[in-house]
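Colleague: Produce the entire structure from the sequences given, and follow the hints as far as they go.
Protein sequences appear in the order of chains H and W.
Residue numbering for the first sequence follows my numbering, starting at 1 and increasing by one per position.
Residue numbering for the second sequence follows my numbering, starting at 1001 and increasing by one per position.
Because the hints were derived from the structure by calculation, they are not lab data.
Keep in mind that the hints are not guaranteed to be accurate.
[Stated by the list, open to error] Which bits of chain H does chain W cover? Going by a derived footprint, with three or more residues having C-beta under 8 Å, they are: (1) 6-13; (2) 41-52; (3) 78-92.
No experiment lies behind these values; they were computed from the predicted model shown.
Every residue gets a Cβ at the ideal spot worked out from N, C-alpha and C, and that includes glycine.
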Amino acid sequence: MDEDEIKSLITEEHRSSIGVKSEPVVVTVREADAHRLRDLFEDDDPRYADGTGIAPPYVIATLGNGVRPESPNVLPNGLMTQQEWKFSRPFRIGEELTAVSQVSDIRDRLGGRYGYSILLTTTTDYYDASGSHVAAVMLTITQFDPAGARE
Amino acid sequence: MSVRYFDEVQIDQELEPVEKIPTIDMAARFGMARETPMGNRFTDAEASRAIGVQGALVPGPLKIAWLTKYVSDWAGTSAEIASIRVAFRRPDVAGKPLILSGRVVDKRVQDGKSLVELEVVTLADGQPSVRANVQVRMPNRP
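Modeller: As structure tokens, this is what we get:
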């Protein structure tokens, strides 16, 4: 297919999902998760040792289960191509955080292995009990149709 | 571990490379052992082959976590990771060594905070599989 002929598959309905916040989900910074990951990474940073009450930043990877915004599936397959973690302050063991997610961007991409693909970015912000921002995860999924793969 | 101060950091300063060997067991311990209708690409090489990858995939978040710790170890125990932004360039497979390396690309004081920016990568067979930009809040010398 000629790239000039490619039409966007992103509709106004898809675009209308941008910025719509999910229902809040409460997640807990679990000591067991922090301990497991510290062991896995052989992390001997004294700030995160048992008894300090502080979890290493990468524990954010354990908070995402069940925290997903409603997001459009325009093409049948998807691969994570970008991710960003932001930290406003360290995590405290045992604290409950409120997670709010949203689709933050959706755009066409021309070129590459699949000729046409869609970049869908979602953001999840985590807030503590006082409403202060603690951390955020931005995730970009490249949606593609394997049938469009180039030789 | 020690403390590294903002005034010690030089632009173009390189981090000592570190080798990591990702394994299926690590992916499972990291929390990626969940089964899906398509199998588990992180613990089952057959499931990965269905998407054209020759071996069990190394989970992206595991690589981000490794890079976060890599920079955190360099920055010392009084620094804080402010952000890490990662682009996955190509899939990595379990059992294949990865080299983590990086360098400082900027340092500045912004809104009263001493910030250092680094570019870090994972290299598989000498080619970047993950590129990341990391921002670190560094302590000032007392």
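Colleague: Take the hints in turn and mark each one as holding or not.
Modeller: Hint by hint, here is what the structure shows:
Under a criterion of three residues with beta carbons nearer than 8 Å to beta carbons of chain W, the stated coverage of the region 6-13 of chain H fails, only 0 such residues being counted. Taking a C-beta to C-beta cut-off of 8 Å, the region 41-52 of chain H contributes 6 residues in contact with chain W, enough for the three needed, and the coverage statement holds. Counting residues of the region 78-92 of chain H whose beta carbon lies closer than 8 Å to any beta carbon of chain W gives 10, which meets the minimum of three for the stated coverage.
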